[in-house]
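With the hints as your guide, set chain S onto chain D.
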Amino acid sequence: MASLDHIEALTKVVLNNLEYQHDWTRIHQHTQDTLPRSLIYGLPPKRLYVHPDEQIDIIKAEKELGERIPQEPEVEWVLPLHLSEKWSPAQFAAVFDAIEAIPPGGADLEPTEEDGSEEEWRLWRGSKRGKRILLATVQDDSTVTYYWIFDGLVKPRQN
Amino acid sequence: MAAPAERQVRISRVAGRYLVFDIDDVVHIRRHYGICAVLTGTMPQNPTQNLFLGLPIELHAEEARLLVDKGAGYIADELTDHLSQLSVMDASTRKAYLQHLKQQRRNAQQVFDEEKAKVQAKHQGKRKAKPAAVTETTAAVTETEEDTSLFDTPKPPSTTLTTTTPKEPSLPGVTPTTSAPLIPSPTPPSPAVGIPRPANYPLYNYLNARGYYTTPGLRFGGDYSVYPGDPFRYHAHYLANSYGWDVEVAMLDLVASGRLGTAVKKSFLFGAEKPVEEGSGADGGGEGGGGGEVRVFCIEWAGM
Numbered sequence: 001m002a003s004l005d006h007i008e009a010l011t012k013v014v015l016n017n018l019e020y021q022h023d024w025t026r027i028h029q030h031t032q033d034t035l036p037r038s039l040i041y042g043l044p045p046k047r048l049y050v051h052p053d054e055q056i057d058i059i060k061a062e063k064e065l066g067e068r069i070p071q072e073p074e075v076e077w078v079l080p081l082h083l084s085e086k087w088s089p090a091q092f093a094a095v096f097d098a099i100e101a102i103p104p105g106g107a108d109l110e111p112t113e114e115d116g117s118e119e120e121w122r123l124w125r126g127s128k129r130g131k132r133i134l135l136a137t138v139q140d141d142s143t144v145t146y147y148w149i150f151d152g153l154v155k156p157r158q159n
Numbered sequence: 001m002a003a004p005a006e007r008q009v010r011i012s013r014v015a016g017r018y019l020v021f022d023i024d025d026v027v028h029i030r031r032h033y034g035i036c037a038v039l040t041g042t043m044p045q046n047p048t049q050n051l052f053l054g055l056p057i058e059l060h061a062e063e064a065r066l067l068v069d070k071g072a073g074y075i076a077d078e079l080t081d082h083l084s085q086l087s088v089m090d091a092s093t094r095k096a097y098l099q100h101l102k103q104q105r106r107n108a109q110q111v112f113d114e115e116k117a118k119v120q121a122k123h124q125g126k127r128k129a130k131p132a133a134v135t136e137t138t139a140a141v142t143e144t145e146e147d148t149s150l151f152d153t154p155k156p157p158s159t160t161l162t163t164t165t166p167k168e169p170s171l172p173g174v175t176p177t178t179s180a181p182l183i184p185s186p187t188p189p190s191p192a193v194g195i196p197r198p199a200n201y202p203l204y205n206y207l208n209a210r211g212y213y214t215t216p217g218l219r220f221g222g223d224y225s226v227y228p229g230d231p232f233r234y235h236a237h238y239l240a241n242s243y244g245w246d247v248e249v250a251m252l253d254l255v256a257s258g259r260l261g262t263a264v265k266k267s268f269l270f271g272a273e274k275p276v277e278e279g280s281g282a283d284g285g286g287e288g289g290g291g292g293e294v295r296v297f298c299i300e301w302a303g304m
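Which chain is which? The protein sequence lines are D and S, in order.
Just so we're aligned, residue 1 is where the first sequence starts under UniProt numbering, counting upward by one.
Just so we're aligned, residue 1 is where the second sequence starts under UniProt numbering, counting upward by one.
Please keep in mind that the hints were generated in silico from the structure rather than gathered at the bench.
Quantities reported herein were computed from a predicted structural model and do not represent experimental measurements.
Among these hints, one or two may not hold up.
Restraint ranges, calculated between C-beta atoms of paired labels, are given here [stated by the list, open to error]: (1) G221(S) with R68(D): 33 to 41 angstroms; (2) P216(S) with Q71(D): 34 to 42 angstroms; (3) I23(S) with P104(D): 34 to 42 angstroms; (4) H6(D) with R259(S): 23 to 31 angstroms; (5) A199(S) with D53(D): 55 to 63 angstroms; (6) A199(S) with K155(D): 23 to 31 angstroms; (7) D53(D) with V264(S): 17 to 25 angstroms; (8) G211(S) with D5(D): 43 to 51 angstroms; (9) S190(S) with D53(D): 43 to 51 angstroms.
Okay, derived cross-link-like pairs now, PhoX-like style, lysine-lysine, Cα gap no bigger than 25 angstroms in a straight line [to be verified]: (10) K63(D) with K155(D); (11) K274(S) with K131(D); (12) K60(D) with K265(S); (13) K131(D) with K63(D); (14) K128(D) with K128(S); (15) K131(D) with K265(S); (16) K46(D) with K12(D); (17) K128(S) with K118(S); (18) K155(D) with K118(S); (19) K46(D) with K274(S); (20) K274(S) with K86(D); (21) K155(D) with K128(S); (22) K155(D) with K131(D); (23) K86(D) with K63(D).
Where a beta carbon is used, it is the ideal one built from N, C-alpha and C, also for glycine.
Looking at chain D on its own, in the form it has when it is part of the complex (with noise of 0.2 angstroms):
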């Protein structure tokens, strides 16, 4: 693996690419023992995925309602690597093993209070999301490139 200011400077890369480039906000660095490596976690500014199954839930939704139901962005998990590193099955695990479906803060975001939360498609951003990750792939002449990375079975989005 890397050396450790390499990964930091990979880290910082991405942070730089997340907020001015994309626009993320509430970026923060997440580290824990028990991660090979710092995570990131914040928020874009639109809405990033939607499970193919969780479409149908909020297509069905806004017939029964008969309006469009916005959807918020949420906290997303994101993993900085650089394009010539190697990864193994296991790692991958371990990240997976070591993190929460929500990042820290991003259940706070959601408006639970609200009437009907238990509605089906709401469940998707809470008790029904999947862990995932974006990977974060840094190039040398720093062009990063984003790919979701989910644990277990996902079916692929309708796009």
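Frame of chain D; chain S shown alone:
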């Protein structure tokens, strides 16, 4: 996928490949075990055919292993099986087989005769239809026919042929394409032939246990294309790769596969089996058939 336990699928191992020749078995494993496998049979006259293939189907080693582990099939090493069965045959079986060959040749002759009769009937029909339409040409044709007959030597062969036709017509030669009539009732070999556990087996078993169907994934650069049901009814959800638990995978491979998957509306799935820890006692769920827990991860482009 509740499976009736009675049926034992014969998986023929020929030159290290696992083949199933019985169409009923093929239907059975597809319906009850979610195994599609690949049709590989070509016509003898067209060995370069690569479309519309037929029996036999070829199984992956992990598919064959799965059937054996579930008690739904057995492996038969066809080379040793044939040799041992052929060496114990007596004169009566030999006679029966020769009789069977003769019957096949008779059937072939019958088919030829029928074809011939059909063609002749067709031609006669044409000749009858022609004179009414174009009389001049028919006249010309008859003239030329007469001409040629003038210069030709008389045709004795037609008469001699009919007279010298033997009592028993010479039957066409037939090349047997299977040894099924030679070994009429295939039985499971004893002792049972073992099958090694392929490296992909844990991931394959994990997917199969969850009702997923797989087809070879080479066209998307993976080990499998994974379908949520029968491939006749669904598009693939994943392209899947199996890795070792501690095998380091280049990020570029993950990114490339993830991107490819997203481009074809799939997710890139990779999985590995966690080795069973020493002294853990439990069998780790037994998901991989005696192995440890299988972890899978899916990668998709994030769209940002």
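We went through each hint and held it up to the structure:
no.	hint	in the structure
1	G221(S) with R68(D): 33 to 41 angstroms	39 angstroms, holds
2	P216(S) with Q71(D): 34 to 42 angstroms	39 angstroms, holds
3	I23(S) with P104(D): 34 to 42 angstroms	59 angstroms, violated
4	H6(D) with R259(S): 23 to 31 angstroms	25 angstroms, holds
5	A199(S) with D53(D): 55 to 63 angstroms	33 angstroms, violated
6	A199(S) with K155(D): 23 to 31 angstroms	26 angstroms, holds
7	D53(D) with V264(S): 17 to 25 angstroms	21 angstroms, holds
8	G211(S) with D5(D): 43 to 51 angstroms	48 angstroms, holds
9	S190(S) with D53(D): 43 to 51 angstroms	50 angstroms, holds
10	K63(D) with K155(D)	24 angstroms, holds
11	K274(S) with K131(D)	19 angstroms, holds
12	K60(D) with K265(S)	23 angstroms, holds
13	K131(D) with K63(D)	29 angstroms, violated
14	K128(D) with K128(S)	80 angstroms, violated
15	K131(D) with K265(S)	21 angstroms, holds
16	K46(D) with K12(D)	22 angstroms, holds
17	K128(S) with K118(S)	16 angstroms, holds
18	K155(D) with K118(S)	57 angstroms, violated
19	K46(D) with K274(S)	37 angstroms, violated
20	K274(S) with K86(D)	18 angstroms, holds
21	K155(D) with K128(S)	67 angstroms, violated
22	K155(D) with K131(D)	14 angstroms, holds
23	K86(D) with K63(D)	46 angstroms, violated
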